[in-house]
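Please assemble the complex out of the two chains, which come individually in their own frames, going by the hints.
If you read the protein sequences in the order shown, they are chains Z and L. Per the numbering used here, residue 5 is the first one in the first sequence, and the count goes up by one each step. Per the numbering used here, residue 81 is the first one in the second sequence, and the count goes up by one each step.
Since the hints were made in silico from the structure, they are not lab data. Warning: the hint list may mix true and false statements.
[Claimed, not checked] What follows is a set of in silico ranges between Cβ atoms, one per label pair, in the way DEER data are often shown: (1) Val-172(L) <-> Val-138(Z): 56 to 62 Å; (2) Glu-413(L) <-> Gly-20(Z): 43 to 49 Å; (3) Asn-529(L) <-> Ser-175(Z): 42 to 48 Å; (4) Pro-106(L) <-> Val-138(Z): 58 to 64 Å; (5) Val-138(Z) <-> Arg-546(L): 28 to 34 Å; (6) Gly-415(L) <-> Lys-211(Z): 28 to 34 Å; (7) Arg-546(L) <-> Lys-36(Z): 54 to 60 Å; (8) Ala-334(L) <-> Lys-96(Z): 47 to 53 Å; (9) Lys-37(Z) <-> Arg-546(L): 54 to 60 Å; (10) Leu-548(L) <-> Gly-133(Z): 34 to 40 Å; (11) Glu-159(Z) <-> Asn-529(L): 29 to 35 Å.
[What the hints assert, rightly or not] Stretch by stretch, here's where chain L covers chain Z in the computed footprint (C-beta under 8 Å, at least three residues): (12) 118-132; (13) 136-147.
[Unchecked claim] Derived pair list, reagent style EDC-like, types lysine to aspartate or glutamate, alpha-carbon separation capped at 16 Å: (14) Lys-359(L) <-> Asp-141(Z); (15) Lys-428(L) <-> Glu-466(L); (16) Lys-550(L) <-> Asp-152(Z); (17) Lys-359(L) <-> Glu-160(Z); (18) Lys-11(Z) <-> Glu-223(Z); (19) Lys-182(L) <-> Asp-156(L); (20) Lys-359(L) <-> Glu-156(Z); (21) Lys-96(Z) <-> Glu-86(Z); (22) Lys-422(L) <-> Asp-467(L); (23) Lys-134(L) <-> Glu-160(L); (24) Lys-33(Z) <-> Glu-16(Z); (25) Lys-327(L) <-> Glu-292(L); (26) Lys-140(Z) <-> Glu-356(L); (27) Lys-129(L) <-> Glu-246(L); (28) Lys-17(Z) <-> Glu-31(Z); (29) Lys-211(L) <-> Asp-179(L); (30) Lys-162(Z) <-> Glu-413(L); (31) Lys-496(L) <-> Glu-522(L); (32) Lys-322(L) <-> Glu-292(L); (33) Lys-427(L) <-> Glu-466(L); (34) Lys-171(L) <-> Glu-203(L); (35) Lys-549(L) <-> Asp-152(Z); (36) Lys-134(L) <-> Asp-162(L); (37) Lys-106(Z) <-> Glu-31(Z); (38) Lys-321(L) <-> Asp-152(Z); (39) Lys-183(L) <-> Glu-160(L); (40) Lys-550(L) <-> Glu-156(Z).
Everything numeric in this text was worked out from a predicted model, so none of it was measured. Positions of the beta carbon are idealized from the N, C-alpha and C atoms, including for glycine.
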Amino acid sequence: MTALMQKMIETEKAFGILKRFSVLYAEWKIAKKPEQAARFAAKIGFPVAMKIISKKVVHKSDVGGVKVDLKNEKEVAAAFDEITKSAKEKIKAKPEGILVQKMESGREVIIGLKRDPQFGAVVMFGLGGVFVEVMKDVSFRIAPLTKDDCIEMIEEIKGYPILKGARGQASVNINALVKILMAVSSIGLKNKKITEIDLNPVIVNEKSAVVVDARIISEK
Amino acid sequence: MKAKKQDLEKLFSPSSIAVIGASRDPKSVGYGVLKSLVRGCVLSSEYCKSFPGKVYPVNPKADYVLGIKCYSQIKDVPGEVDLAVISVPAKVVPLVLKDCGKKKIPFAIIISAGFAEVGGEGEKLQNEVLKIAEKYGMRLVGPNCLGIIRPNKNLNASFAPTMPPEGPVGFISQSGALADSIIDWAVAERYGLSAVISYGNKADLDVHDFIEFLAADPQTKAIALYVEGLKDGNRFIEVCKKVSKTKPIIVLKAGRTSAGEKAISSHTGSLAGSYEIYKAAFRQAGVIQADTVEELFDLAKALAYQPPCRENAVAIVTNGGGCGVLCADSCEELGVNVVELKESTLKKLDKSGKMHPAYSRRNPLDIIGDALPERYEVAVNTLLDEDYIHGLIVIQTLQTMTDPKEDALRVIQAQKKFPGKPILCTYMGGLYSKQGGRLLEENDIPDFNDLKKAARAMKVLIERGRLLKKK
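The following block holds chain L by itself, in its conformation from the complex (with noise of 0.2 Å):
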């Protein structure tokens, strides 16, 4: 039952949902998700909407909470119920559990912590809650896990402190407290999420039934994983290497450092350590591995808002010769081409009689810090026109004369007119310099607060061009 692919729809749009556990106490879990359901988040924000479906507060000893009107069973909510949201104590969840299959519920998330988490008596209540789904035929997210994010659903069906901005970045974590932390930034940051999956001890459903769920939804680009371990690694390898074909899929490992198996007596034992061969496998199912949790939404925003680089043959332009060359030092150590400019391209820009006489003349193309936007327009049009050039990284410093918003719209216009290069940009600086890379953001041009950043970014996108030429 396992092997097959699974239609999670149901779980991800679902109309109606029971909250069992929904308790009128506001510190409780059970409150925290209902009211994430109700009014969109516990904390507002401004991308907080309410659930469109129903919503079924299940508690017996309540009449209303949140002034909706409260079931004290499962089998008392009339009509049905495609979702459960579980928070009630471990122990209880079994008898809850079958009160929803018999209501055929075909989905239930278990929020409730208490399970293999613990060890010994919470494994034999989590193996008993797993049997009982099975009995009924029925799909679990969980136990011990955050909920599900969909918030161009309006779906938040967990007890994350808010709801974070839609996009196209899914993201699945086996932590919850990440999730919630990643939630507040994506907020702050205007970061873009299709999804936040949270799926805790995967006593049922695990990672790679939610990658293959996130690989099928249109909304989603980029898959961001935050993985600790995995249960079945054939299985993720055999089913990333199938989605990474059509969508990125990024991933942080946590444990990197372990000492894996001790050594027994060969040198393979012994160099062979779990992370090594994480890594390892990794590669060979087509996923990209970051070492920080910024990196991590770093490359996921860079993979899933531009183009993959066809070849390694990037041009850097910028308005500061020390960036540019730190820029072209990062690319180097990365690994990423920085082309040698043709002549035939210099006479371009010489005859457009926009260029600095100091202008660089070679790549990085510093094009000197009195650059208004026409001569950024020019250089960025006529490297992205050069078929020998396959991407583009964009470096703005901040002068009296440099106008960030009005670059920026130079920068958005060249991207529309070459779609199929990648452009990256390092606008840097604060307040003043944001305000052009926010204009860039929202245009779906990435803007690193960091040159090496950008390298890395520029890296993956080499990365992936080379992978999708593999197949």
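The shape of chain Z in the complex, shown without the other chains (with noise of 0.2 Å):
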């Protein structure tokens, strides 16, 4: 399979997908305008995190589509016109939207599946941000998982003691990543279209792990 045959899910469709396996992500909404996103952000509480929505992009941070702990509706609403400024000078396009989102806290990780030709579905469990990117400190499991499965994949990883709750800090919420690994499991098994996805990052803390972002790669 050549990546010309694959295409990235939108992401309305890919939390849609999200949502019908029951896991839980960071609530969300598109705005067209910077009063619309302002009055979402107010809604579902501040700090919010906005992104850029458009299909002419692959990294949004590179493309300065990405603002992070905006803490009122007037940090929104600017932040909606610096994002779609940028977005016309780096990739001469407005952008279809922006997407405006609850910041959540707690420990990055990253879930993540693929589809092997020897093995079928992969599941991937890794500490996200510079862990993932330059320590590769991940681990594996063919699908179908079963708890034990992800409790082992879980603690392999060399930054486990981080999760578990180093100098004193509480553990984060082990049970909460065990459902969102099964839910990987379950998804790549049932849509045998998707190829790849990387839930990253997901935010986990005491008390649960929340989804902030989804890339889902299907088959055309």
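This is the structure in structure tokens:
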């Protein structure tokens, strides 16, 4: 299968798939205008993050398409204009919309899926951000996953003590991570056309694990 | 048909074998196969014995090979044939196989090369051969393989150089050449094998079929695999998951550094190299992974001869302080827990009156260089008798008063007294130490020539203990 035969599923649809498999995600809405963004932000509560929605953009932050930690309606409206302006300069196009999303706090992890020619659906777990990029501190299991498989793959990564709570910090909700891993395993087994999933980041804290960004790639 | 469990009994315990392509040329494969059967091997070793069943050479150009009457075609062979070993040129194989089918031979080992491994025409030829086998309900090993060997049945249906000693480790190898060298090594090291199975292109019978066979074989206590690639990964996981609950499986996988598929556009895609995924699959299936050929057989030996270590809590006995520390270092690096000795244990050691005044009083238990067999005996038995110690590594360095043989005997006696706890030894040295080491191994206690190897072997015995508790 070549990359040409694949496509990225739109953000809305990607979150729709997660919803069907009962995966929690950070509340979001796509705004078309600054006022609309500000209103929605006020409704879900501050701080919020904003991200560009555009088919032309692969890495949102490279085009100035991401703003985080916006604390009030004024900041949100200003961020909307800045992102739009930056998009016009860098991709010569108006964004299709701007996503406004509640900011969660906790540890960043990544949960993913890949289709392997030999073993079929393979699920990945790792610490997010720099840990996945630089350290490649990730673990894999072949779907279908059992609960034990999920716990093992979480414990297997080198950064596990960070999740478990180093230096007096409380442990994150491991069970909430297990639920997402099992859901990703099911998504992979039930949707054969999906070739890759990146839930990155998933924010996990003592209480819950919430998907912030979902990138799902499927066969055309 | 392939999903069902195979009854491979006649393949591995045939009463009659036809050697098709039995040549008079001593340099040919066919000659080697015939000689391996009728004499036990080509290069003689103390383990070579003639196959006790009937052997029928088939070759239209010869009347006799190695003094045995030759048949010009398989259909001329009188009576039933359980197994055909085929080494004729690839393009003649379909013809020969058809004759075998008509003769109702249930199993064939196709040694001949020139099939899927050369691509194109070879692949076509392999498909043709597979179709013939399916038509006649015949099961195939190979093509492009070394064959199979079962020392305890005096069965050497291969062109391997010689016959290895019999023992508890079953070896399944995707590479025939590696199997050849392992057999030669096994003879020199007296490493006991229950079977050597080279399965080549796996056109029909695949690695998981052989794993299932060895799982049911009472002589096999551990299964060692050399794998390059799998054809049916999910079936492999399924079979190994089941088998590893009763017998340990250890794998050496080639191609660990392959770049895998090209990254597409996600993190998961770029991080999931093919070996990473193999590693995950092995773990899920309860298969232990070795990094080198030597380690594969070291670990198989430990798992085949010693019981699993029920808890991660081991002790080290040594007559050399430095060696004890080196071993403890390796243990710690590998996550093997070298437990703290309780005061009550030290009291027992003190009370024995056998300890040197300067003995270490801690784990690793250094019983000092002048330790005689009695001191080893007290130390080993006292530690094994403690219910918080679940495994033991015994180190011996060679000093003037050291008695490797007698020390070995004391360890052997201790194992008989505490059969549920694993003992691994490192009798360090060469000529003289080895006399003790050999004695240990003859009595099923693995002796490693290196401290780290013993630590690594203890680690897998702990992993095995953990796995068995899971079910």
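Requested in this report: Take the C-alpha atoms of Lys-359(L) and Asp-141(Z), compute the straight-line distance between them, and say whether it is at most 16 Å.
Outcome: holds, 14 Å
Report task. Below or equal to 16 Å on CA atoms is what counts here, so check Lys-134(L) against Glu-160(L). Result -> With Cα atoms ~10 Å apart, Lys-134(L) and Glu-160(L) stay inside 16 Å; holds.
Query raised in the report: Is Lys-182(L) close enough to Asp-156(L), meaning Cα to Cα at most 16 Å?
Result: Judged against 16 Å, a Cα distance of about 12 Å means the pair holds.
Query - Hint consistency between Lys-550(L) and Glu-156(Z) [alpha-carbon to alpha-carbon, up to 16 Å] - result: Distance ~13 Å between Lys-550(L) and Glu-156(Z) Cα, so the pair holds.
Requested in this report: Take the C-alpha atoms of Lys-327(L) and Glu-292(L), compute the straight-line distance between them, and say whether it is at most 16 Å.
Outcome: holds, 10 Å
Query raised in the report: Are the Cα atoms of Lys-33(Z) and Glu-16(Z) separated by 16 Å or less?
Result: holds, 9 Å
Query raised in the report: Holds or violated: 28 to 34 Å for the Cβ distance of Gly-415(L) and Lys-211(Z)?
Result: holds, 32 Å
Query raised in the report: When you check the alpha-carbon spacing of Lys-11(Z) and Glu-223(Z), does it fall within 16 Å?
Result: At roughly 6 Å apart (the allowed maximum being 16 Å), Glu-223(Z) and Lys-11(Z) satisfy the hint.
Query raised in the report: If you draw a straight line from the CA of Lys-162(Z) to the CA of Glu-413(L), is it 16 Å or shorter?
Result: holds, 14 Å
Query raised in the report: How does the Cβ-Cβ distance of Glu-159(Z) and Asn-529(L) compare with 29 to 35 Å: does it lie in that range?
Result: At 34 Å between Cβs, range holds.
Query raised in the report: In terms of beta carbon proximity below 8 Å, does the stretch 136-147 of chain Z have 3 or more residues touching chain L?
Result: holds (count 8)
Report task. Could you grab the alpha-carbon distance between Lys-129(L) and Glu-246(L) and see if it respects the 16 Å cut-off? Result -> With a Cα-Cα distance of about 12 Å, the restraint between Lys-129(L) and Glu-246(L) holds, given a limit of 16 Å.
In terms of the numbered hints stated before, the structure departs from none.
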